[in-house]
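Read top to bottom, the protein sequences are chains A and B.
The opening residue of the first sequence carries number 1 in the numbering used here; numbering runs sequentially from there.
The opening residue of the second sequence carries number 1001 in the numbering used here; numbering runs sequentially from there.
Among the hints, erroneous ones may be present.
Partial list, derived from the structure: chain A residues whose beta carbon lies under 10 Å from chain B [what the hints assert, rightly or not]:
(1) Leu14
(2) Ala43
(3) Gly49
(4) Gly68
(5) Gln69
(6) Gly77
(7) Thr90
(8) Arg93
(9) Gly142
(10) Gly143
(11) Lys198
(12) Leu199
(13) Pro203
(14) Arg356
(15) Leu360
(16) Pro365
With the C-beta cut set under 10 Å, the calculated list includes, among others, these residues of chain A facing chain B [unchecked claim]:
(17) Ser149
(18) Leu333
(19) Tyr336
(20) Ala340
(21) Leu349
(22) Arg404
With a straight-line cut-off of 20 Å between C-alpha atoms, the simulated PhoX-like cross-links for lysine-lysine are [what the hints assert, rightly or not]:
(23) Lys397/A / Lys370/A
(24) Lys103/A / Lys1373/B
(25) Lys1370/B / Lys78/A
(26) Lys1397/B / Lys119/A
(27) Lys370/A / Lys1103/B
(28) Lys399/A / Lys370/A
(29) Lys78/A / Lys1397/B
(30) Lys1397/B / Lys1370/B
(31) Lys104/A / Lys1370/B
Please keep in mind that the hints were generated in silico from the structure rather than gathered at the bench.
Built from N, CA and C at the ideal position, the CB exists for glycine as well.
Below are the chains, spelled out letter by letter.
There are 2 protein chains.
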Amino acid sequence: MDTPAPIKLSLQPLPGFRDFYPAEHAVRTYIFETWRRVCRSYAFAEYDGPMLEPEELYVKKSGGELVGQLFNFVDKGKRAVALRPEMTPTVARMLAVRDRDYKKPVKWFSIASFFRYEKQQDGRLREFCQLNCDLFGDRSTGGEAELLSLAIDLFRAFGLTAEDFHLRVNDRGVWDDFLGARGIAPERRPDFLQIIDKLEREPRAVSEPKLAEFSVSWEELQAFLAEPAPSFGPLIAELEARGLREFVRFDATIVRGLAYYTGLVFEVFAPAHGRALAGGGRYDDLIATLTDGAVSQHAFGFAVGDVVLEKVLRAVPHTRARLEESVRAASALDAYGVIADEARRPEALGLFAQLRAAGLRLDYPLAAAKVGKQFQAAEAAGARYAVVIGAEWPQVKLKTLATRTEEACAAEEVLARLGR
Amino acid sequence: MDTPAPIKLSLQPLPGFRDFYPAEHAVRTYIFETWRRVCRSYAFAEYDGPMLEPEELYVKKSGGELVGQLFNFVDKGKRAVALRPEMTPTVARMLAVRDRDYKKPVKWFSIASFFRYEKQQDGRLREFCQLNCDLFGDRSTGGEAELLSLAIDLFRAFGLTAEDFHLRVNDRGVWDDFLGARGIAPERRPDFLQIIDKLEREPRAVSEPKLAEFSVSWEELQAFLAEPAPSFGPLIAELEARGLREFVRFDATIVRGLAYYTGLVFEVFAPAHGRALAGGGRYDDLIATLTDGAVSQHAFGFAVGDVVLEKVLRAVPHTRARLEESVRAASALDAYGVIADEARRPEALGLFAQLRAAGLRLDYPLAAAKVGKQFQAAEAAGARYAVVIGAEWPQVKLKTLATRTEEACAAEEVLARLGR
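The following block holds chain A by itself, in its conformation from the complex (with noise of 0.2 Å):
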């Protein structure tokens, strides 16, 4: 980036936050109109909600991890407010508000920005995009099997294959029963579960001390998690059903950070990157404690960050050229208007009037310039063909600027000739 010397700082954006220039933003565009269409061939509907939502929603009522991270203050009404850190909060008071309206499972994704107030480190950003995606109303199999495969197939959908990531999936019901066993109280397995949580982050001399804490030992906990996975089999056949067994492990570590998941947990893993695409699991408490009570629904769902993934299909070569390939198409323009007698210049802003109307995207030279830095501009542009308007009008000249071939035709019959 070539910034001139003497700008300040303020310039930039606020450190964490983004500027997508046009080159950033065909990325962006890429990546979620991927999502969208996969997430539109599995029948789920979009939806947003609110960017700023009243504090309360992630303080008191959805365990209150990102607290901490809160992008939160007072409005001018007085009210305590907080820029929107995930989206599962919104999206269940968004259905509790009109559980009755909607036929079950409901199937639902957005595709929305987050704020969280996160240590500069890692790359972590603070404001962030996800696609959500969640099934309310359904504690089926099937439908586990379905939201899964949907996570895979989000992922497919860039060329990552297995090598490239996996699913671990869990649910926190082992831990259940391995607390309960113990006679360990509920209201101390949240505590319980973020032990396990980082016991992949964390070296054993830190977890060791924790887990003592909870009489467990730490040759206990590993005897435990040796111990064959719990029956997923219904879940198992599903997935292969669809050719999707290979995406699947299962690991007893993977309990997820947020407190309100209840049953099923799994995360989208990037095996050479080290890091998670995507997590989820069940919720099927939140919507009660939500309304408390007047509404209960089961809900299961997961999200997918923008960070991360463009990260992964950067350095995976195949998908890095798709990603490049959809930013040079997003910036190429069908053609360039080139207008070699200014006399002509009102029937050529007829003309091109014409084929934009028809859906083309078309750059001309605003004011009067030189024939040659003309057709220079139209292929810097990436045009395809040149149409230029000169002092054989109504007859113009069709240039395809790859193959440097001319052809003659009525100005009427351009849009034809370009294939629309």
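Following the hints, put chain B in place on chain A, whose structure we already have.
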């Protein structure tokens, strides 16, 4: 809306904020996609900026009209920040930082959310969406005509005609001449323009004393407004060439509220609603102000809001029909998979996965259900076809739901029969 009684108010979005359930989201998507298609045909490139910006971007730099309406606060890092109330300062900041990287003219657009703490009246929202279109590095009449044409075509693309809207165009220069001739200093002129801006909405009894402070009588003002418009000849000729002359009127009372405008200003006006659908103007000094003179660049742009536009589209019968058809199409399924024999669920799941991978939008029952109920679900979802998998596998039945006609075919032929 059928709201269960015991739900508390806190489950509703904050006042002035919106939940977009799928039906409302489909309307938003229809508007956004139409905007995007037209902007791309004009060779504008899409960008976006951060939702949160340093407060000083609005307080010190851009005239300050919107400061009283800011959602502003101090973040956890002691920064004074604000949710963006408009895009112009952000895009001017972005262009300034990378001015040297982009060949001029630069044609950029964005579709984004904005936040203003407005009084709850007149259907004004606190979170709303805007399309912003800007042209940088150009001061030609051709560039101004290009942007005005884009503003017109953005509304024609929804089916609106010259009966539904027109542009009211002016040049602030006419007021500079008027005020200069009366010896009124440049620093007092923004206050005078505020009077002109409100002339249409305020009664004479309010405006007249304000004018008197500038030693301008009511009669003197009316005489000036009755004078023929200054020469917009070249601009009119450009619009005439594009067949858009009928959409443009010149009106000296149009000055637009924002202080940073320097020359041509305009609004898109819907006479039947008495409301502006869009507004903008030339702001040639803003980039130099932001950069303390380090970068200077011509700039001309406008914004379209989503709220008034949707109201107008719903009020005009044929644009309402288009909007409703877009909502219907957004939710309709290509096919519904009917599993008539649960023993064939694995084969059905495999086939459905193939159909979805080919781009079809398909749903099916997540758990066993009676065949009649499955057909009801297919109808309710507006599916075009039912794909019936039963004991005859690998033969399947294809039912066209509108005509209730049915044909049998082999599973591997389904995709071809469905026209993919």
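message: Run through the hints listed earlier and report the numbers of any the structure violates, in increasing order.
response: Of the numbered hints given earlier, those the structure breaks are 11, 12, 13, 20, 22, 25, 26 and 29, listed in rising order.
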